[in-house]
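Place chain B on chain A using the hints.
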Amino acid sequence: MTNLLSNFCLASAAPGAATLSPILLGPSEAQLILALPIIGLLFCTLCAIFRVKSKAPAFFTVACLAGAFALVVRLYLNKTGTPVITSGFEWFFLEWGDGKGQRLVANFSLYLDSLTILWMLFVTGLATLIALYASEYMAGDLGTGYCRFFAAFNLFVFSMSCLVMGDNLLLLFLGWEGVGLCSYLLIGYFYKKPSAVEAAKKAFIMNRIGDLGLLMGIGLTFVHFGSIEYRDIFHAAQPYIEAAKAGKYNEIPFLVQLIPVLLAIGAFGKSAQIPLYVWLPDAMEGPTPVSALIHAATMVTAGVYLVARMYPLFLLSEYALPLVAWVGALTALLAATIGMAQFDIKRIMAYSTVSQLGYMFAGLGGLSSTGAAFHVVTHAFFKALLFLACGAIMHGFAGQLDLRKLSGIRRLKGWGIVSFGMLVGCLNLSGFPFTSGFFSKDMLIGSEFLTPGMAPIGWILLFTAGLTAYYTFRVFFRVIVGPLHYEPGDELHSAHDEHGHGGENHNEHAHVQDDHQHHDHGHGGHFHPHAPGWAINTVLLTLSVLSLSASALNFLHLPNQPHIEGGIVPELVMESSAAYESPYARHEAHEGTGDGGHEGPDAHGTPSYVPTAIALDDPHAHAGTFLGWNPHAVMFYVSGAVGFIGIFVAFVLHYVGRTTAATAKADALLPMLGPIPGWAQHKWYVDEFYKYSIYWPLIILANLCNLFDKLIIDGIVRLFGAIPRWIGNTIRPTQSGELHGYAAGMAAGVAVLLFIVFILTLR
Amino acid sequence: MIGRLAFLWPEIALFAATCVVMVMGLSRSFSVRKASAWVCGIGLIVAAFLAATTTPGAPGAPAPDAAHGQLILPWMVPFAKSMICLVALLLLPLLAGTVDRAEEARIASSRAGFNPLRSNRAEFYSFFLFSITGLLLVASADNLIWLFLALELTSLPTYIMVAISSSRHRSQEAAVKYFFLGAMGAAIFLYGFALLYGAYGTTNMNAIAALMRGGTLSTLAMAGLMLSLLGLCFKIAAVPMHFYTADVYQGASAGVAAMLAFVPKTAGFLAILLMVGMVGWNYGPSGASLPDSLRLLLWVIAALTMTVGNVLAILQSSAKRTLAYSSIAHSGYMLVGVIAGPGDGSFTQNGISAVLFYLLAYGVTNVGTFAALACVERPSADGSEPRELDSFDDLRGLCRTHPAAGWMMVICSLSLLGLPPLLGFFGKLPLFTSGVAAGEIPLVIVLGLNSAIAAFYYLRLMAYPLLEEPGVRSGELVANPFLARRLAGILSAGGVISLAVFANAIMKQTTVAGKYPAAAVASTKAEPSLTAAEQR
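Protein sequence lines, in the order shown, are assigned to chains A and B. Residues in the first sequence are numbered consecutively from 21, following the working numbering. Residues in the second sequence are numbered consecutively from 151, following the working numbering.
If we strip away everything but chain A, and leave its shape as in the complex, we get (with noise of 0.2 Å):
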């Protein structure tokens, strides 16, 4: 393992970054789209301040969301293939020399190249519709509370939008705090719910433990590469990528290779992974749209961005993305197995968001910044659309999200396009033939078994695929299909009357069907579901049409380029800083074209991407292989197999002979398992563990520190903390109010000072 990287050739990063090429200026209306969210952000303040009580903020903030949606979607119309920057004004310019390392440069400056607008791309355009499908979701909470939630949320695309875009890592800082501060106030927005607060303040200390290594991060780059902007910290580092490329990490000093660990830390608190996930599950207790946006589409991705923005620096060391491999397949077993033992729907889609984001790091730390870049962009708008889809039916149902307590509500009326956008999440999330998931999926998978040292990973999540369709279809045959059943959420009696029935589309009364009414409900029998309205099912049927014509994008290339596996976004991915080709890929389509039977997308008759940097001159670096076939081309057969599987292990257990929401064949397997399934269900404990062994332990020593602090430091501190107050106190009656003892020190100082300076300077 430790040599394992060795035997990789690099190839040069971003086209800009090889030479320090001039400045090629962007287009500067890149600005606006920084500037709009800042508009809409004060728009939402002045109605928060002069308690405007209707959806005026809501739409504001669309308009502002899809005018800068238009403007990336210009920018990569317009794009070029090379990265441009587009000068800000000066932020930071501070020099205190003429050496390197002597200044500090960091503008409100804009990089953008394929790697940002892609992710712009999907930010934005997801923003949009989310803020659209929020200003119903929300319209329970009219009036400040609503300014407050779309305030945050043109907080959050302004930060975000910062973390992509920036030129520098001090600007990635910035944008990474502010997510971090309004996934806070987000997660918080229920601020008089205990549990929400306290998942506020979890997400916020696990992402401060993460933070500190991207700060130390940022840190040593400054220290090492003399400035913190990404062009010339490539530049910077091409003499160790050729040290890499030659397998000479000895030459490579220890303080380079320790920065991408220390980034890959403050990417594993922001996008959940192992040890520092548990925040993300809790912070479900924001609102749906909230964790449709932030804790699932674009914000908890912000970790695949930093890896992929600074892979150049990642492929400097041996260890760096192994780690991140492993933590990410690791992750993304045990998110996956926890998910499989929950029944709140909404949690489950936490931990396969936490799986799935596993999924991206093995994909990263595989070689595969393509596949993981892919997954991202699919992901992001499966996952969004399934927690939209439970946010409806949670808003349905007066907050029920209890799979036991749900059934069938395909049956109801108006509930077509929720059941339909929950099929089609859960058919790309399970990675269902043909769906994007399945694309993206399997090119993460296969790049596993085609690198080196890495086949146990590409095992862990192959299974942790069938793990997937499992748990995903458990959601979808218990809820969805089935028998009618249903009861409402605890929000009936507290919160429903001013959460529930605030927008003015719902006819709730249309949707009862009285035949159903027998089932004993628990809170009275007088609950009627309300359907969702125009804004929801709009967002809704979008997202479900944009992510099953998400698998397009496989087929899609762009043009002039070389074609690459898995179509547009890969080539995207190849034009930016996180371009980089594994060696054996390569070697496989070579092996591929021998073969030449097999039906992958690399069988279309394009020719590969070769890229210009390669040296396979060591004889061990062979391509991995998948039981003795190429990797790529079977995985479309082995993970739809696997998907089949785990779709079917559900139907049976979960659909087939279920009569009531309750209880399902599953419940009669149970026991068999022993205590397993209460364990996964408590989450492995590791929430506990964590009490324990890091809570506790710091309580104590907190508790041991403030004894200490009390006895000793305490007497010392007073000791000193005592001097400026006796000082204080012996100089305080100088100010007695009296004009004569003023005039009288004054005088008296004047001659003491005159008298000391001449005293030493006269010696």
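These are calculated hints, taken from the structure and not from any lab test. Only true hints are included.
As a list, the in silico EDC-like pairs of lysine to aspartate or glutamate whose alpha-carbon atoms are at most 16 Å apart:
(1) K658(B) to D494(B)
(2) K658(B) to E110(A)
(3) K658(B) to E115(A)
(4) K212(A) to D161(A)
(5) K184(B) to E253(B)
(6) K75(A) to D161(A)
The following label-pair restraints were derived from C-beta to C-beta distances:
(7) E626(B) to P717(A): 41 to 51 Å
(8) P717(A) to F606(B): 24 to 34 Å
(9) G263(B) to F109(A): 47 to 57 Å
(10) H760(A) to L599(B): 27 to 37 Å
(11) A166(B) to R228(A): 55 to 65 Å
(12) D215(B) to G246(A): 38 to 48 Å
Interface residues of chain B toward chain A, partial, derived using beta-carbon atoms under 8 Å:
(13) P390
(14) F393
(15) D442
(16) L446
(17) L447
(18) V450
(19) V461
(20) L462
(21) S496
(22) A655
The beta carbon of each residue, even a glycine, is placed where N, CA and C say it ideally should be.
Quick look at chain B alone, frame taken from chain A:
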């Protein structure tokens, strides 16, 4: 000499505005009287514009040269003048309703007719403008007599403004103290100026500077310099001339106190920079520091001022007194920049730029803290003038009861503390770096320790409004009816945040403004890098 006029357009504009205000403030019509404040504002805007465009050294204007008379720090003038006018513009709304509030109410309810003898508005606003005019004149002083007159023009109106700022005896007492002690301070620096004249036979600062660099820094001249600096310490409220500060700030209304914290302090610092610039930073072993005795004097004053200001601020229970002592401490911080000198001219090394930046940062931030006190008041039972907020107890829970006032206090006190994303941080940073660059490590350590001590009371100013529950007597507090005061505070707090984002632009301006031309022409002792810095 006519070339000097090029520096004076802002002053001329302000003087014109002053004359108009003086007449308008005595009008029988309420709306005309009320408009006098607007005329002040317009005058200040015009002056700021003129300062930023026409003054030699400003972008677009000709570079300062011999035709304009020689100044010690010619590049400083456009920045300093426009900065002063803009901060004064921020102070102006804070002064709304300071005078004539009861009188106007009487007139409005037709219990009394307008009586010019009982109205203070005309004096108040014109004195404010006079004071600012004096301050602008300080910036372009090239002669000791000019400097003295300008300093007095800055100070004299403030004595009266303190006296009429409220109808309480306390403010009159404060004004009397301020006046007598101010006279004493003026006497000291005037004595210093006289000694300098005695030593060199001229009052032209440039001529004195040339003679000093010629190698004759006699004991007489040194005594004159030291006395001048000690006298100027009164203006900046530095030890040992700081005694008046707390009493006067507490006695004056919050708006006037905010003005006192900026206007005389700025005058004092500009004057100190000019005086010290006359001597030059060409002495010491490395050839880049002040003469030993001067350096020692400023060193001791700086260290004492910070420490005394901060330790006394800790002990206060009155917010105004705390802010007064904090104002003393800030003067101590800025003296570090004076000691450090121009360095190699880059922003991080140039103490002069650091002082100029800090004056701006402190001016903007300071308005917000006093505005928070001026926005809320406690009505008095007997119908006399309502009391402004003063004690810490009144600040409890202010963010909840009066959000605007509470938040401006929170934001501005954090900025005064120097918390990183805010303007105060960008102000303090170059003080530290220039101090380190000049090799004043012990002084920088004192500065750091003092910043830590200061956190104690700034966090109190922040925590009382934000974290504490409203006190039992908080219900009695009502918002001040003059919305302009709130506007001043909001602008200040907004400035603290937004200027921090654009700090780099201001840094550039101050780097230009802090150019010390004498460094290039200076004696052979100067480091070669200084000329390189000049070329850049």
